[in-house]
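For reference, the chains in residue letters:
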Amino acid sequence: MNEFEWRRQLRELRAPVVPPHDLWARIDAALEPAEPARTSARPGWLLAASFAGLSLLAVGLSLRQGAVIAPQQGSTATAATQAPWKPDDPRLAGAAVELDAARLELRQALEQAPHSAGLQRLLSRTHQQQSRLRQLDQQAG
Amino acid sequence: MPPPPVAWSDADDARAAARGDRQAFQRLYRQHVDRVYGAVYRLAGYDHARAEDLTQDAFVRAWQKLADFRHESAFGTWLYRLAVNVALMDIRSRGAQPVGFVGEEDLPDPGEVPFCAAEREELERAIAKLPPRARAVLVLHDVEGWRHEEIASELDMAVGTSKAQLHRARGLLRRMLEPGEPS
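In order, the protein sequences belong to chains L and Y.
For the first sequence, this note's numbering gives the first residue as 1, with consecutive numbering after it.
For the second sequence, this note's numbering gives the first residue as 1, with consecutive numbering after it.
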């Protein structure tokens, strides 16, 4: 057998091979935690939540610097309600809109993945930020 | 008369899958699994269990990276390269010795060993017995048809080292296929 024939024999090994088992069920199950394309595409709610968090921080700092902080009025903040809430202080309006949008998007995401601890944590944090925003609004007013 | 079957293109399915459409991804799986499996099966030394794990890993990674797929090549080509890369990473992670320069004295003299006719199964068994990196170079070059430059890039080695590894792998293979040699 010459080298040419030997190489041809090797090249003939290059052929598709049918796996002994259908791997789709395994692959499909492994895709569950990955949620890849969406993760890498930066979902809107994550961006909105981040922006809202930053807005809230910036507004909070500016209110403190303006010495408009009123005495603590107790924990009047309640869990965020379903209806969009509008603050009296116009400086808080942007953060309120962003937080509400983040809350809605997180709820939609949770409908698709109701057991996602990460989403639930983010929703809880968004509720806390909304409560904090209400506090700030009361203090400013 | 039943409606004509809907024709799905890989590109359409890849775009849909990148948006999270699992049915589209399953169609891509059905379309390409045999080619992917064949490549990783050979690189994994004809070990079905490992090849199945690597194939699963390759498709999961493809799903995760679909958003980065720019459609500059065919989806099948992109997936095949990704799967080969997964198999090569597995070889590296399993502690295969880094490829160093192979001295000429360590190589069998090609003139000493004749080319032997071998049955397909015999050839596959012999390839499976090669050291993992030498096997990877031989499979990629002689079976899959890659160039040394591509192999060197994927395996993070010099082109000369890839050539030396191929020379070594061929020599070992021919020795294993010598008449009278236990396979």
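Quick caveat, the hints were computed from the structure, so don't treat them as lab data.
We put the beta carbon where it would ideally sit given N, CA and C, even for glycine.
Hints should not be assumed to be uniformly reliable.
[Unchecked claim] Short derived list, chain L residues pointing at chain Y, Cβ under 8 Å:
| hint | residue |
| --- | --- |
| 1 | Q9 |
| 2 | P16 |
| 3 | W24 |
| 4 | V97 |
[To be verified] With the Cβ distance kept under 10 Å, some of the chain L side facing chain Y (calculated, not the full set):
| hint | residue |
| --- | --- |
| 5 | L13 |
| 6 | R14 |
| 7 | A15 |
| 8 | V18 |
| 9 | R26 |
| 10 | I27 |
| 11 | D28 |
| 12 | L31 |
| 13 | W85 |
| 14 | D88 |
| 15 | D89 |
| 16 | P90 |
| 17 | G94 |
| 18 | L104 |
| 19 | L110 |
| 20 | R132 |
Consistency of the hints with the structure:
The beta carbon of L:Q9 is positioned within 8 Å of a beta carbon in chain Y (closest approach about 7 Å), and the interface hint is therefore held. Annotation: L:P16 was flagged as interfacial toward chain Y, and the flag holds, the nearest CB pair being 4 Å apart, inside 8 Å. Look at L:W24: its Cβ gets to within about 6 Å of chain Y, closer than 8 Å, so that hint holds up. Given hint, L:V97 at the interface with chain Y, is violated; its Cβ is 27 Å from that chain's nearest Cβ, farther than 8 Å.
Checking L:L13 against chain Y: minimum C-beta separation of about 5 Å stays under 10 Å; hint holds. Here the hint on L:R14 is kept, as its CB sits about 5 Å from the closest CB of chain Y, short of 10 Å. Given the 10 Å rule on beta carbons, the hint for L:A15 holds: about 6 Å separates it from the nearest Cβ of chain Y. For the restraint placing L:V18 at the interface with chain Y, the shortest Cβ-Cβ distance is roughly 5 Å, inside the 10 Å limit, so the hint holds.
At a threshold of 10 Å, the smallest CB-CB gap from L:R26 to chain Y is about 5 Å, leaving the interface hint in force. Because the closest C-beta pair between L:I27 and chain Y is about 5 Å apart, less than 10 Å, the hint holds. Proximity of L:D28 to chain Y holds as hinted, the smallest CB-CB distance being about 7 Å (cut-off 10 Å). Proximity of L:L31 to chain Y holds as hinted, the smallest CB-CB distance being about 5 Å (cut-off 10 Å).
Taking 10 Å as the C-beta cut-off, the interface hint given for L:W85 is violated, the closest approach to chain Y being about 32 Å. Annotation: interface hint on L:D88 violated; nearest CB of chain Y at approximately 40 Å, more than 10 Å. With its C-beta approaching chain Y no nearer than about 39 Å, L:D89 sits outside the 10 Å limit, and its interface hint is violated. Annotation: L:P90 was flagged as interfacial toward chain Y, and the flag is violated, the nearest CB pair being 38 Å apart, outside 10 Å.
Taking 10 Å as the C-beta contact cut-off toward chain Y, the hint placing L:G94 at the interface is violated, the least distance being around 29 Å. Violation of the interface hint for L:L104 is found here, the shortest Cβ-Cβ separation to chain Y being roughly 19 Å, above the 10 Å cut-off. For L:L110, the interface hint is violated, the least distance from its beta-carbon to any beta-carbon of chain Y being 16 Å, above 10 Å. Interface hint at L:R132: violated, since its Cβ lies 33 Å from the closest Cβ of chain Y, which is beyond the 10 Å cut-off.
The structure does not agree with the numbered hints 4, 13, 14, 15, 16, 17, 18, 19 and 20 stated previously, though it agrees with the rest.
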